[in-house]
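Construct all of the structure, not just a fragment, from the sequences and the given hints.
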Amino acid sequence: MPYRAQTRDILFLLENVVGFDAVLAARGDGLDRETVAQVIGEAGNLCEGVIAPLQRAGDLHPARLENGQVVTSPGFRDGYRALAEGGWVGISAPEEFGGMELPRSVGMALHDMLAASCLSLQLNPLMTQGQIHALEAHADAEIKALYLPKLIAGDWAGTMGLTEPQAGSDVGALRTRAEPNGDGTYSITGQKIFISWGDSDLTENIAQLVLARLPDAPAGTRGISLFLVPKFLPIPDGSLGDRNAIRPVSLEHKMGLHGSPTAVMEFTGATGWRIGPENGGMAAMFTMMNDARLGVGIQGIGVAEAACQKAQEYAAERRQGRTAGPDGTIDEHPDVRRMLAVMRARVFAARAIALACATALDLEALTGDPAARARAAFLTPIAKAYGTETGIAVSDMGIQVHGGMGFIEETGAAQYLRDVRVTAIYEGTNGIQAMDLVGRKLADGGEAAMALLDEIERAAEAARAAFPVIAGAVWDAAEDLREATEWMLGQPAEARFAGAVAYLEAFALVLGGHFHLAAARAEGTSGARAALARTYVKRLLPRHAALLAEAMQGADDLAGITDEALCP
Numbered sequence: 001m002p003y004r005a006q007t008r009d010i011l012f013l014l015e016n017v018v019g020f021d022a023v024l025a026a027r028g029d030g031l032d033r034e035t036v037a038q039v040i041g042e043a044g045n046l047c048e049g050v051i052a053p054l055q056r057a058g059d060l061h062p063a064r065l066e067n068g069q070v071v072t073s074p075g076f077r078d079g080y081r082a083l084a085e086g087g088w089v090g091i092s093a094p095e096e097f098g099g100m101e102l103p104r105s106v107g108m109a110l111h112d113m114l115a116a117s118c119l120s121l122q123l124n125p126l127m128t129q130g131q132i133h134a135l136e137a138h139a140d141a142e143i144k145a146l147y148l149p150k151l152i153a154g155d156w157a158g159t160m161g162l163t164e165p166q167a168g169s170d171v172g173a174l175r176t177r178a179e180p181n182g183d184g185t186y187s188i189t190g191q192k193i194f195i196s197w198g199d200s201d202l203t204e205n206i207a208q209l210v211l212a213r214l215p216d217a218p219a220g221t222r223g224i225s226l227f228l229v230p231k232f233l234p235i236p237d238g239s240l241g242d243r244n245a246i247r248p249v250s251l252e253h254k255m256g257l258h259g260s261p262t263a264v265m266e267f268t269g270a271t272g273w274r275i276g277p278e279n280g281g282m283a284a285m286f287t288m289m290n291d292a293r294l295g296v297g298i299q300g301i302g303v304a305e306a307a308c309q310k311a312q313e314y315a316a317e318r319r320q321g322r323t324a325g326p327d328g329t330i331d332e333h334p335d336v337r338r339m340l341a342v343m344r345a346r347v348f349a350a351r352a353i354a355l356a357c358a359t360a361l362d363l364e365a366l367t368g369d370p371a372a373r374a375r376a377a378f379l380t381p382i383a384k385a386y387g388t389e390t391g392i393a394v395s396d397m398g399i400q401v402h403g404g405m406g407f408i409e410e411t412g413a414a415q416y417l418r419d420v421r422v423t424a425i426y427e428g429t430n431g432i433q434a435m436d437l438v439g440r441k442l443a444d445g446g447e448a449a450m451a452l453l454d455e456i457e458r459a460a461e462a463a464r465a466a467f468p469v470i471a472g473a474v475w476d477a478a479e480d481l482r483e484a485t486e487w488m489l490g491q492p493a494e495a496r497f498a499g500a501v502a503y504l505e506a507f508a509l510v511l512g513g514h515f516h517l518a519a520a521r522a523e524g525t526s527g528a529r530a531a532l533a534r535t536y537v538k539r540l541l542p543r544h545a546a547l548l549a550e551a552m553q554g555a556d557d558l559a560g561i562t563d564e565a566l567c568p
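Residue numbers for the sequence shown follow our numbering, beginning at 1 and rising by one.
Treat the hints as calculated values from the structure; they're not laboratory data. Hints may be right or wrong, so weigh each one.
Cβ-Cβ distance ranges computed for the label pairs, FRET-style [as the list claims (entries may be wrong)]: (1) Pro74 to Gly41: 23 to 33 angstroms; (2) Ala451 to Ser250: 46 to 56 angstroms; (3) Arg81 to His61: 15 to 25 angstroms; (4) Arg318 to Ala245: 47 to 57 angstroms; (5) Gly446 to Arg33: 29 to 39 angstroms.
C-beta atoms are modelled at their ideal positions from N, C-alpha and C, and glycine is treated no differently.
Given below as structure tokens:
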């Protein structure tokens, strides 16, 4: 059974759970539910029919570097052209430059399905869309007029160069240099590693957003500027001139994502244009990074969806042992049924969190509402971390459903876990996301966190009559989380950071219960979504208590772990 795009689930969440109608109302331009449904339906058709068949080809026939040029996996060029010619690269980009200008939440729905279809290929338009948003926010009018139409049309691709061999999460340690040329351009020299789609044969040009240091710049992140460095130097009419002094040195040999070329890129006096102010590179780059963080969370959710479908298909056909059901297939065994139900319940919760974040971003952009801004900022690290951890956990459980066949590469079940594992690492590790949550995101005195908890408790109270067990459990969990949040607010940074990962996961679990309850209310007490909500509340939500106990341990026990204790 091939991949089935989850358009119905996505539309249900948008229409009934995450408040997307407020986005349509704020736009006031006639965009309605029916049009959105049609767009998502067409995206689903593309993903099912064109992109999903490329999944195995990318794994079995990786991208390769030949004579200084990356050659992509079989079928990837045709798949990418279908995306570009359909206008999908510019789904949320401004109409002024050729985009559809649809809400960010609709764009994230597209990426959910693209990631489920073929994560390796999905990375390419995701990076380009992030660059589009960064240039839209920070580039001058001339750069926008030249680059945005090409990027939005998919004729050119965009990527970003942050990481260096000595500068990973510590971006301030980078050494790439930018020397002024005296004509408004800069000469960029240095090396970047781990550059997703740093080079390829899919597009005629590739524009790199590169972090580099100007002469006499301050040390650390305060001295970083951002530069746009194209593979080919563009002429003002949009045609291409000479090859720039930028080249892929090698491709990384990775655990997964074999169809996505991850390059070591070398810059030897390459010509670049500064984006944003001098020494203001981190602020400009964070426009792209924050966009990517939500996108990476969506990647995890998409892969989890695909792994879930593959496990369900296998379990419905595999006959093994004696079952209580009529078919004798393993999905009738209680433990396999448990795994399938938990996988599906977790995917739904993670998808709801991500779409709620995207909806808040849309409202912030449309209205400038500070509450929407605070909500989006608070949800972003949760959406990234929980979405990617869901991808890993569900893919791993999918292998378990397959049993020994899951460990055999030919079934394709293992590829999901190999592909998705890196998502918990890039665009800020999940530990960094958690520290951001308990650090900067609680720096408002917990106002954004408490606003979410108030909303969860109000909804639970309103649902008590129809769903007493589910609503009661969600309300109690929210109260536990409120106490833990108050504890966090009273602790020094070291104590908060020691419990940050556990706190983030607990917050995600409570949000998941809240959204499951909303879905159950929208469908009714006897619906399938109510049954799934009961499974979530009984089997996943209770884990929040143990996580919060860990979150509030502080850092004293870790301080007592000596090197001798680690290596006895």
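Going down the list of hints, with the structure as the test:
Checking the proposed 23 to 33 angstroms range against proline 74 and glycine 41 shows it holds: the Cβ atoms sit about 28 angstroms from each other. A beta carbon spacing of about 48 angstroms between alanine 451 and serine 250 agrees with the range 46 to 56 angstroms that was offered as a hint. The hint said 15 to 25 angstroms for the Cβ distance between arginine 81 and histidine 61, and at roughly 18 angstroms that hint holds. Remark: the range hint 47 to 57 angstroms for arginine 318 to alanine 245 is upheld by a beta-carbon distance near 56 angstroms.
Checked against the hint of 29 to 39 angstroms, the C-beta distance between glycine 446 and arginine 33 comes to roughly 35 angstroms, which is consistent with it.
Of the numbered hints listed earlier, not one is contradicted by the structure.
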